[in-house]
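K.L.:
Top to bottom, those sequences are chains B and G.
So the first sequence is residues 16 to 489, counted in this note's numbering.
So the second sequence is residues 99 to 193, counted in this note's numbering.
Just so you know, these hints were derived from the structure itself, not from any lab.
Some hints here could point you the wrong way.
Here's a subset of chain G near chain B, in silico, CB distances under 10 Å, partners left out [said to hold, decoys possible]:
(1) Ala113
(2) Leu117
(3) Thr118
(4) Met183
(5) Lys190
Calculated lysine to aspartate or glutamate pairs in the EDC-like style (CA-CA distance at most 16 Å, straight line) [said to hold, decoys possible]:
(6) Lys389(B) - Glu286(B)
(7) Lys389(B) - Asp137(G)
(8) Lys190(G) - Asp347(B)
(9) Lys190(G) - Asp344(B)
(10) Lys274(B) - Asp264(B)
Facing chain B, a subset of chain G residues (Cβ under 10 Å, in silico) [said to hold, decoys possible]:
(11) Val109
(12) Leu115
(13) Glu116
(14) Thr123
(15) Tyr125
(16) Asp134
(17) Val159
(18) Asp163
(19) Gln171
(20) Leu175
(21) Phe186
(22) Gln187
(23) Ile188
(24) Val191
We treat Cβ as the ideally placed atom computed from N, Cα and C, and that holds for glycine.
Spelled out from the first residue to the last, the chains are:
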Amino acid sequence: MSLLQSSLSSLRRQLVAREISPADLVRATATAIEARNGDLGAYLSWDTDAALKEAEKADVSLPLGGIPLGIKDNINVTGQPCTCGSRMLAGSYTAPYDATVIQRLRAAGAIPFGRLNMDEFAMGSSTENSALGVTQNPAAPGHIPGGSSGGSACAVAGGLAVAALGSDTGGSIRQPAALCGCVGLKPTYGRVSRFGLVAFASSLDQIGPLTQSVEDSALLLNHLCGFDPRDSTSLQESVPDFTAAIGRDIRGLRIGLPKEYFISGIDPDVEAVIRRGIATLESLGADLREISLPHTEAGVATYYVLAPAEASANLARFDGVRYGHRAADASDLMQHYLRSRAEGFGPEVKRRILLGTYVLSSGYYDAYYLTAQKARTLIRQDFTRAFEDVDCIVCPTSPTPAHRLGALKDDPLQAYLEDVFTIPANLAGLPAISVPAGTVHQNDADLPVGIQFISRPLDEATLLQVAHAFETAR
Amino acid sequence: MSTHAIDIHRVATLARLELTEDEATRYQQQLDRVLDYMDTLRSLDLEGVEPTSHALPVCDVVRADGDRPSFTQDEALANAPRRVMDQFQIPKVIE
Chain B
16 MSLLQSSLSS LRRQLVAREI SPADLVRATA TAIEARNGDL GAYLSWDTDA ALKEAEKADV
76 SLPLGGIPLG IKDNINVTGQ PCTCGSRMLA GSYTAPYDAT VIQRLRAAGA IPFGRLNMDE
136 FAMGSSTENS ALGVTQNPAA PGHIPGGSSG GSACAVAGGL AVAALGSDTG GSIRQPAALC
196 GCVGLKPTYG RVSRFGLVAF ASSLDQIGPL TQSVEDSALL LNHLCGFDPR DSTSLQESVP
256 DFTAAIGRDI RGLRIGLPKE YFISGIDPDV EAVIRRGIAT LESLGADLRE ISLPHTEAGV
316 ATYYVLAPAE ASANLARFDG VRYGHRAADA SDLMQHYLRS RAEGFGPEVK RRILLGTYVL
376 SSGYYDAYYL TAQKARTLIR QDFTRAFEDV DCIVCPTSPT PAHRLGALKD DPLQAYLEDV
436 FTIPANLAGL PAISVPAGTV HQNDADLPVG IQFISRPLDE ATLLQVAHAF ETAR
Chain G
99 MSTHAIDIHR VATLARLELT EDEATRYQQQ LDRVLDYMDT LRSLDLEGVE PTSHALPVCD
159 VVRADGDRPS FTQDEALANA PRRVMDQFQI PKVIE
């Protein structure tokens, strides 16, 4: 087994025992990237020399001391590019500060190494919306890795990173983790500071880990969470040791099975894998109960009103003046804005800015935006009621396995509908995790399938407990 | 059937996006279809339902109004596409 496919705890032991050095880990990562990134396209850029310099100073007595981590290319790391997969920022922007999560990881000894590809400004579920390159599914070349954190999932599942950070606005950590075959966790909204994450939809965005195992996820989460005065939505909550949840059995734990998640549109092969997963949970002594989340179907429409609305406001900052692409030779300020933005943004970003601008515009605000905000209340209340009877919810992460590259290129609505199982946790601010559950054989490939667990606000511990029990028993 | 006729040119101007005619036609069709789908929200009973802007309760946050470390002028201008006399340069706005 390659060094990069070791667990964080095993790497920690080897580092502390001086069997390996932080520089060995950085070199192993760089070697893997140089050998295989040309085919997989997980990374947009990486600076081995800078990482080796950090490795020299790394303190291996720290909890993540000397561990290199891949970073989604929308999280600011001082001195590194932060392209967001966009021509708007590629080649023209160098991050002048560290995001809070990067400061925390550095304080724990980790080394941010490499910038991972993504759908442009995190808008998409396939990474095909990146303006800067194609990312493949490492389990099935020719297929999408999912998205928007497709580079992160590809790197972790494909052995090009020990672990990575992603961001999740409507499933962008969990869905690519499911499609590539790794673990992806979206924390409770407000658990992890968004300071330094390039904003897409501020009321939904959350940073989280993509890892090879549930235990690694818990360990990384320990060093991501915590109050940050620089993020006004950051929660003033204490952070438990999430690794304490690892290894606890799930006998008697009440797990809800939302009947609305097993109706139309789900691929029968995927459903079979999930049903087997549910049987595994039962064999572990969990108390499975059918529950109802009646407004599930409204989730997609709600999300695709609210997220583009927030995005249209957030992306107004790209004005070609302070940073980012600037059109040449505009004759006046209006033309400067119109052209700088037209040249800098790709098609999906333009689509969502237009949609968001429309639903916020005079005469349509009540019909779309306010209606969606009210629908969001109903979706939130569904979960509040469900969690009176259960401790955790189980469902598929994605209704389908990875498509072939290009399959949904000209059908944005169909692509949006595939987010149906991941969006509700964002709308309700709930923590959720995707764990590998098996594979389906389609298109001459064995395509990974993820099972998703959702829990109450701030109850990541239960998620990790269930996810670890499942991972161990499968 | 689409009940929408999104005025794509007006919306694009509001959004400060220049569109080619091809783009305008394509986005018009795609967004009309997406908006049709959004109409499914109208079948919900929303009478008396309060809107949610954030999933968890958020309140106004204030900080002490004091000095804090911040970018130097050079750092703030480092990513500017055009910089003149230590300022951001924009096209002429006053005749």
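K.L.:
Now tell me, hint by hint, if it's right for this structure.
P.N.:
Hint check:
no., hint, verdict
1, Ala113, "4 Å, holds"
2, Leu117, "7 Å, holds"
3, Thr118, "8 Å, holds"
4, Met183, "15 Å, violated"
5, Lys190, "7 Å, holds"
6, Lys389(B) - Glu286(B), "31 Å, violated"
7, Lys389(B) - Asp137(G), "14 Å, holds"
8, Lys190(G) - Asp347(B), "6 Å, holds"
9, Lys190(G) - Asp344(B), "12 Å, holds"
10, Lys274(B) - Asp264(B), "25 Å, violated"
11, Val109, "5 Å, holds"
12, Leu115, "5 Å, holds"
13, Glu116, "4 Å, holds"
14, Thr123, "13 Å, violated"
15, Tyr125, "6 Å, holds"
16, Asp134, "9 Å, holds"
17, Val159, "4 Å, holds"
18, Asp163, "14 Å, violated"
19, Gln171, "12 Å, violated"
20, Leu175, "9 Å, holds"
21, Phe186, "5 Å, holds"
22, Gln187, "8 Å, holds"
23, Ile188, "6 Å, holds"
24, Val191, "5 Å, holds"
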